[in-house]
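J.: Just so you know, the protein sequences line up as chains W and B, in that order. When we follow numbering that gives the first Met the number 0, the leftmost residue of the first sequence carries the number 0, and every step to the right adds one. When we follow numbering that gives the first Met the number 0, the leftmost residue of the second sequence carries the number 0, and every step to the right adds one.
Just so you know, the hints here were simulated from the structure itself, not pulled from any lab data. Since this is a predicted model, take the numbers as computed values, not measurements. Any given hint might turn out to be false.
[Said to hold, decoys possible] Examples of chain B residues lying across from chain W (beta carbon under 8 Å, computed): (1) R13; (2) Y50; (3) R306; (4) K307; (5) F308; (6) P311; (7) A342; (8) Y366.
All C-beta atoms, glycine included, are put in the ideal place defined by N, C-alpha and C.
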Amino acid sequence: MNAAAAGTPPLQPAAARAPTVTLAHGAGGRAMRALIERTILPAFSNPLLAPLEDQARLSIADLAAYGDRLTFTTDSYVVTPLTFPGGDIGKLAVFGTANDLAVSGARPLYLSCGLVIEEGLALDELARIVQSMGRASHEAGVAIVTGDTKVVERGAADRLFINTAGIGVMPAGVNPSAARARPGDAVLVNGTLGDHGVAILLARNELALDAPVLSDCQPLYSLVAAMLAACNDIHCMRDATRGGLATVLNEFAASSRVGIRLREAALPFNETVRGACEILGLDPLYLANEGKLVAVVPGPHAGAVLAAMRAHPAGRHAAIIGEVCAEPAGNVILATAIGGDRVVDMLAGEQLPRIC
Amino acid sequence: MRYADEFRDPDKARTLVAEIVRLAAPLAADRGRPLQIMEVCGGHTHTIFRYGLKAMLPQELIEFVHGPGCPVCVLPMGRVDNCVALARNPNVIFTTFGDAMRVPGSHGSLLQAKADGADVRMVYSPLDALQIARKNPGREVIFFALGFETTMPSTALTVLQARREGIGNFSLFCNHITIPATMKALLDSPDLMLDGFLGPGHVSMVIGNRPYDFIARVYHRPLVVSGFEPLDLLQSLWMVIKQIAEGRCEIENQYTRIVPEEGNAQALAAVGEVFELRDFFEWRGLGSIEHSGVKMRADFARFDAERKFSMPHLTVADPKACQCGDVLKGLIKPHQCRVFGTACTPETPLGALMVSSEGACAAYHQYGRLTRTAQPAAAASA
Chain W
0 MNAAAAGTPP
10 LQPAAARAPT
20 VTLAHGAGGR
30 AMRALIERTI
40 LPAFSNPLLA
50 PLEDQARLSI
60 ADLAAYGDRL
70 TFTTDSYVVT
80 PLTFPGGDIG
90 KLAVFGTAND
100 LAVSGARPLY
110 LSCGLVIEEG
120 LALDELARIV
130 QSMGRASHEA
140 GVAIVTGDTK
150 VVERGAADRL
160 FINTAGIGVM
170 PAGVNPSAAR
180 ARPGDAVLVN
190 GTLGDHGVAI
200 LLARNELALD
210 APVLSDCQPL
220 YSLVAAMLAA
230 CNDIHCMRDA
240 TRGGLATVLN
250 EFAASSRVGI
260 RLREAALPFN
270 ETVRGACEIL
280 GLDPLYLANE
290 GKLVAVVPGP
300 HAGAVLAAMR
310 AHPAGRHAAI
320 IGEVCAEPAG
330 NVILATAIGG
340 DRVVDMLAGE
350 QLPRIC
Chain B
0 MRYADEFRDP
10 DKARTLVAEI
20 VRLAAPLAAD
30 RGRPLQIMEV
40 CGGHTHTIFR
50 YGLKAMLPQE
60 LIEFVHGPGC
70 PVCVLPMGRV
80 DNCVALARNP
90 NVIFTTFGDA
100 MRVPGSHGSL
110 LQAKADGADV
120 RMVYSPLDAL
130 QIARKNPGRE
140 VIFFALGFET
150 TMPSTALTVL
160 QARREGIGNF
170 SLFCNHITIP
180 ATMKALLDSP
190 DLMLDGFLGP
200 GHVSMVIGNR
210 PYDFIARVYH
220 RPLVVSGFEP
230 LDLLQSLWMV
240 IKQIAEGRCE
250 IENQYTRIVP
260 EEGNAQALAA
270 VGEVFELRDF
280 FEWRGLGSIE
290 HSGVKMRADF
300 ARFDAERKFS
310 MPHLTVADPK
320 ACQCGDVLKG
330 LIKPHQCRVF
340 GTACTPETPL
350 GALMVSSEGA
360 CAAYHQYGRL
370 TRTAQPAAAA
380 SA
């Protein structure tokens, strides 16, 4: 595409410009092949991807060795900025999808990776992000076995969108579900809440706030495996991403037709995150997390599961934050630290900061 | 968290609640109804619901009446329509506080205008808007100035800064409103039955305590200026009820750590330099109230979006079914409104009280469900 014709400023001398992704890289020809071979393949390297067929070929016998059911999920990742304290969009795209598999109890095994790139993205930055995906897939124990790359015109995407789909295998006898919470169950979380949401807000530099908050972006499967070893019959489990803890618990309460009572004093928060939320008028119960799960387990097993979580690096700050009760069915109630009660409802839309 | 957790101590709260109950019991018995205390400020409404204070106080003794102090909630539809008209101008960058984006006008909200392609940007301070103006000299940047006396000084100082720097592409769409005039209008309403007020802490930090004197002197109601933490509110409530029990009507200040008796002279000077009272300002649900809003002085005409751009300036009647006005006056509780939770929900607000998290209806909808299910008789009578 001719830059001058598109109304963009005249080209800088070649030496002054960092190489960027152009529409040619998405055209299916030599430029695309070079991008895949030089940048993407080395980052993802694994034997199932290497043949570069149009599809990955997975052995059914290998899969069956891990359990009796396949799990399959997909998620698309759009985040500004692409890199933030504690992570980047690539790491998010691997851990997010792997975690969606893991919270069913499944071992995440294979991912696909679809990249939608806005022309003009620096090749260096793309390389950094796919390398980060490669490292994240090693850490999460998954292989990126198939993929696709598209380049779109300026303005048709916001720098880089990533879609990943994932396949995992559920061990026999494990069956967490949002509909299985029962009165007497305990509610657990594996660590501090809202870190990712606040890290992203601060990284956008729109607030005159400067605080050291890292995204909690981390893989959860090995933690889940440790929890299942302590109690095979986890009733409900989800990762508390968009919409935060409050949204997940409302889903549990509605699907299981039970009440959930939380104790505010028991909720784990990073003090900086709490402070930022106070200043901005945000409720951390609704902020996104990228490495936090909520589990509902039978009351008698809560202590053992909590101990298993705390012994794992991804669960050091785990806590029992509440319990399931018969009434009020479909509601989440927070016993506030000062001694009152309030309903924790679903959010209507996006949380918007208050005026004063 | 230091400086916040100290004001959320459950033991101190229990002591205060016991003391409030002891004082309020004979007063409520005398009246044959609970004491009705209005918290004027939306921030207080938010605290009451967020910390579950309502559930800590016996409802047969104390009833909170949620006042008009949420600037987003009292904004009439015509003003929102003007915002949308300004924002649709392709050369305009329209900047606003976040929670004003969802307020419905008669042709949609700013959020919808943004989705339709208008350049609407959320800012956290008017200075952010001024910065956008510096960075975009070829475009007109309008700041949607909104709020009570709390936010007026920062807007005024931003305009003074813009004048000092000679920034020509920055202007305000001024919708600032004043609390004391509005309280007077409420007190003049013949059907109002209030025993006392919790006064707005942030507003008072700017204007001080003296502007409320008429409430005690003329209308014989006690008012206590209150902070925003749960213990602040409980202590202020106790102070109001103590006044009633002792037969006093005074303006007292619980929020002494923030609110100086005479207010903030520097802030008031900046406000006085930039703004002057309007004869009337239109409020959603309350109608037109004398001297309840400010506009920019003629000296600042070039920073005044109302003078700089043509606007429809329509007066749009509130939706007929909407009873925001009755809720604001304390005549009905939010859930007694005929469209509460049905035609009017936080997802699709009809009335402005459902829009902001500080609005009484949104707070009831989000946090209050339980108290309502515990009182089926009250809900059924609506």
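J.: Tell me if A342 (chain B) is really an interface residue toward chain W, meaning its C-beta lies closer than 8 Å to one of theirs.
T.: 15 Å, violated
J.: Would the hint on Y50 (chain B) be counted as holding, given a Cβ-Cβ threshold of 8 Å to chain W?
T.: Given a least distance of 5 Å, the restraint on Y50 (chain B) holds.
J.: With chain W as the partner, please determine if P311 (chain B) meets the hint condition of a C-beta pair closer than 8 Å.
T.: 25 Å, violated
J.: Taking the closest Cβ pair, is K307 (chain B) under 8 Å from chain W?
T.: Where the cut-off is 8 Å and the nearest Cβ of chain W is about 24 Å from K307 (chain B), the hint is violated.
J.: Is the interface hint satisfied for R306 (chain B)? The criterion is a beta-carbon contact with chain W at less than 8 Å.
T.: Violated, about 25 Å.
J.: Could you check if Y366 (chain B) really has its C-beta closer than 8 Å to a C-beta on chain W?
T.: Interface hint status for Y366 (chain B): holds (5 Å vs cutoff 8 Å).
J.: Per the CB criterion, is F308 (chain B) less than 8 Å away from chain W?
T.: Violated: closest Cβ of chain W sits about 23 Å from F308 (chain B), beyond 8 Å.
J.: Let's test the interface hint: is any C-beta of chain W closer than 8 Å to that of R13 (chain B)?
T.: Status holds, d = 6 Å.
The earlier numbered hints that this structure contradicts are 3, 4, 5, 6 and 7.
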